[in-house]
Structures are given as C-alpha cells and as structure tokens.
Amino acid sequence: MAASDTRDEVALARDLLAGAPGAFDSFVEVFRSKIFHYAQMVCGQPEDAEEVAQDTLLKVFSNFGQLREPERVKAWVFRIARNECLMRKRKSVFAPTQELSLDSFLPHKDRDDDRRLEIADWSALPDDQALRAELKEVVHTAIGQLPEIYRAVILLRDIEELTTEEAAEVLDISREAVKTRLHRARLAVRQMLDEYMKGARAGGRR
Amino acid sequence: MDTAKHDQENCRDVFALLSEYLDRELTPQSCAEIEAHLAGCPPCIEFLDSLKRTIRLCHDCEETGKPRPLSAEQREKLVAAYRTFLSSK
Numbered sequence: 009m010a011a012s013d014t015r016d017e018v019a020l021a022r023d024l025l026a027g028a029p030g031a032f033d034s035f036v037e038v039f040r041s042k043i044f045h046y047a048q049m050v051c052g053q054p055e056d057a058e059e060v061a062q063d064t065l066l067k068v069f070s071n072f073g074q075l076r077e078p079e080r081v082k083a084w085v086f087r088i089a090r091n092e093c094l095m096r097k098r099k100s101v102f103a104p105t106q107e108l109s110l111d112s113f114l115p116h117k118d119r120d121d122d123r124r125l126e127i128a129d130w131s132a133l134p135d136d137q138a139l140r141a142e143l144k145e146v147v148h149t150a151i152g153q154l155p156e157i158y159r160a161v162i163l164l165r166d167i168e169e170l171t172t173e174e175a176a177e178v179l180d181i182s183r184e185a186v187k188t189r190l191h192r193a194r195l196a197v198r199q200m201l202d203e204y205m206k207g208a209r210a211g212g213r214r
Numbered sequence: 006m007d008t009a010k011h012d013q014e015n016c017r018d019v020f021a022l023l024s025e026y027l028d029r030e031l032t033p034q035s036c037a038e039i040e041a042h043l044a045g046c047p048p049c050i051e052f053l054d055s056l057k058r059t060i061r062l063c064h065d066c067e068e069t070g071k072p073r074p075l076s077a078e079q080r081e082k083l084v085a086a087y088r089t090f091l092s093s094k
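Taken in order, these protein sequences are the chains called A and B. Residues in the first sequence are numbered consecutively from 9, following the working numbering. Residues in the second sequence are numbered consecutively from 6, following the working numbering.
With the rest of the complex left out, here is chain A (with noise of 0.2 Å):
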C-alpha cells in the first residue's frame, strides 16, 4: 500500500506549494478521485460526493498557506473533506451511534470439532472474479451498515489507507480510539462477508 502512495502524495504537496509546472492538475487529478471516494461513501450520493470533492479543493487550495507540514497533506485534506461531508450530513446517516460488543464477534467453535471454528471457507477466494466482485458490494453494504463512528475509521484506515496517526488527526480522536473502532468495524465487516459466503455456499455458488 500506501507507503510509496504516501511518498508521491507529499511531493504533490511540495510541489503545490512551490508553483511547480505542473503540480496544480497533478494535485487536482490525485486528490479529486480520493476525496469523491471518501465523500461517496460517507454520504451515499455521487451528486454530493462531486460537490464535496469540488468545495474541498477550494478550500484546500484557499488555505495552503496553512499546510504548514507537507507530510501531513493527507490527512489535513480528509479533514477538511470530512468537515464537508458533515455539513452535508443527512440526519438518518449519522444517527446516535450503537456501540459494537467484541464479544458478539467472537466466533463459536464447531460443535463436532473445537479444532474448527463455525465460519465459512474463505479459501477459493482469490481465485474467482466474480466472486470477488460480488464480494466488494458486500464490502460497500457492510461498511455503510456500520454505525457512524466505526464507519469513519474503517474509511480512512483500509479504503483510502491513512495511517493510525492520520486517521486520529482527521477524526480528532485518540490513537487507541482509533485502533479499537478499526478492530470492531473490521469485525463487523468480516461477519457480513462470512454469512454472505456460508449463503453463497449454501445456494451452490461455488
């Protein structure tokens, strides 16, 4: 992941705010298709994803001046970009939020073996693309099922790949916070996967 993505983000940024050839459609282009991402899945519409992408880089390019550490550009920008989503909140999506037990995912183990947990066979996963693609919708419906809170972390952590760090500093919340609703979104998500998967089997999808 991310690293090297990380690397080429913040030479954007020091080339942005040198007036380097080039960087202001370089920026553009990066960011706009990262934001829209991040701004679809938090409030569900493209229309408003588009407007959130748009008003985020006005405001990014607005306010520059302000970056004062490139190394942070990512997750000043998701910032930012959050605080539009929020303005844009739709009541429905960031309900008061539920807290998710560990315990409730904690797997059983197989009533006729305690060597073998009761999930499904994830291991022709790779393999098949169709799957996969079905597999992604999961994903998509899964984590916009998650509760609000879980959902921002699971967000910025395994879909646009902040680091622990970052992810705190966007969503003004401890490092531990952060790590805790990663866990339990990650959780939640795997749950869905699994019962898509037993249903998937079941039905003789594979």
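For the record, the hints were derived by calculation from the structure and aren't laboratory data. In this text, all values refer to a predicted model and were calculated from it rather than measured experimentally. Certain hints may be false.
Unchecked claim - Each computed DSSO-like pair below joins lysine-lysine, with the alpha-carbon atoms no more than 27 Å apart:
hint, chain 1, residue 1, chain 2, residue 2
1, B, 71, A, 67
2, A, 206, A, 144
3, A, 144, B, 71
4, B, 82, B, 71
5, A, 67, B, 82
6, B, 71, A, 97
7, B, 94, A, 67
8, A, 144, A, 97
9, A, 187, A, 97
10, B, 94, B, 82
11, A, 144, B, 94
12, A, 97, A, 67
13, B, 94, A, 206
14, A, 97, B, 57
15, A, 187, A, 144
16, B, 57, A, 187
We have chain A already, so just place chain B on it with the hints.
Just chain B now, kept in the frame of chain A:
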C-alpha cells in the same frame, strides 16, 4: 475442562488484538505471545486469515467509482484559488 477453558480465554485475548497484530502496531513481546498462541491454535489461524482477506477486500474497494471530469468552470475556480495562494506567498 480446565485446559479447554484456559484455551478459550487465550483465544479471546488474542482475538482482541488481531487487527493491531496485522497492522504491526504491537510490541515485539505481544507479537511473540500471539504467534506462540497461533502456533498451537488452528481456529485462530483460520480466523486471522479471514480477517486478513477482509482487509484486502476493503483495500480493493478504493478503485470503485470515479467522479465525472472536472468542468471548465470548476477548474477555473480552483485555478483562481491556487493563483491567489501563490501570489500571497
């Protein structure tokens, strides 16, 4: 029975740390403890593998959906904001 209970408690402890383990955010000592547990616990290995695949699928989701191309008017506004920034330096 005692051994089974002990194992389950260990599994629960490991279960709580699996994301940090995969993200390499644990101390070397905690990593070693988890690896020692995993070495003797196929169910936890199986679970860890499914969690790894979940994370990979999340990474893949980044590629879906593209915005429409930037309109001339949108670009103009962004260029104007950037020029203002450059001239204020």
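Hints versus structure:
For the proposed pair residue 71 (chain B) and residue 67 (chain A), the alpha carbon gap of about 21 Å is at most 27 Å, so the pair holds. Straight-line distance between C-alpha atoms of residue 206 (chain A) and residue 144 (chain A) comes to about 16 Å, which keeps the hinted pair within the 27 Å bound. Restraint check for residue 144 (chain A) and residue 71 (chain B): satisfied, since their Cα atoms lie roughly 16 Å apart, inside the 27 Å limit. Among the hinted pairs, residue 82 (chain B) with residue 71 (chain B) is consistent with the structure: their alpha-carbon atoms are about 21 Å apart, no more than 27 Å.
Our distance criterion of 27 Å between C-alpha atoms is met by residue 67 (chain A) and residue 82 (chain B), whose separation comes to about 11 Å. About 21 Å separates the Cα atoms of residue 71 (chain B) and residue 97 (chain A), which keeps this hinted pair within 27 Å; it holds. Under the criterion of a C-alpha separation no larger than 27 Å, the hint pairing residue 94 (chain B) with residue 67 (chain A) is consistent with the structure, at around 17 Å. Pair hint residue 144 (chain A) plus residue 97 (chain A) holds up; C-alpha atoms about 25 Å apart against a cutoff of 27 Å.
The straight-line distance between the Cα atoms of residue 187 (chain A) and residue 97 (chain A) is roughly 25 Å, inside the 27 Å bound, and the hint therefore holds. Restraint check for residue 94 (chain B) and residue 82 (chain B): the C-alpha separation of about 19 Å stays at or below 27 Å, so the hint holds. Restraint check for residue 144 (chain A) and residue 94 (chain B): not satisfied, since their Cα atoms lie roughly 45 Å apart, outside the 27 Å limit. A C-alpha spacing of about 19 Å is found between residue 97 (chain A) and residue 67 (chain A), which places the hinted pair at or below 27 Å, so the restraint holds.
Restraint check: the Cα-Cα separation between residue 94 (chain B) and residue 206 (chain A) comes to about 59 Å, which exceeds 27 Å; the hinted pair is violated. Proposed proximity of residue 97 (chain A) and residue 57 (chain B) is contradicted: the alpha carbons are some 32 Å apart, above 27 Å. For the given pair, residue 187 (chain A) sits about 23 Å from residue 144 (chain A) by alpha-carbon distance, which is consistent with the 27 Å threshold. The suggested pairing of residue 57 (chain B) with residue 187 (chain A) holds, with an alpha-carbon distance near 16 Å, which does not exceed 27 Å.
Comparing the model with each earlier hint shows violations of hints 11, 13, 14; every other hint is respected.
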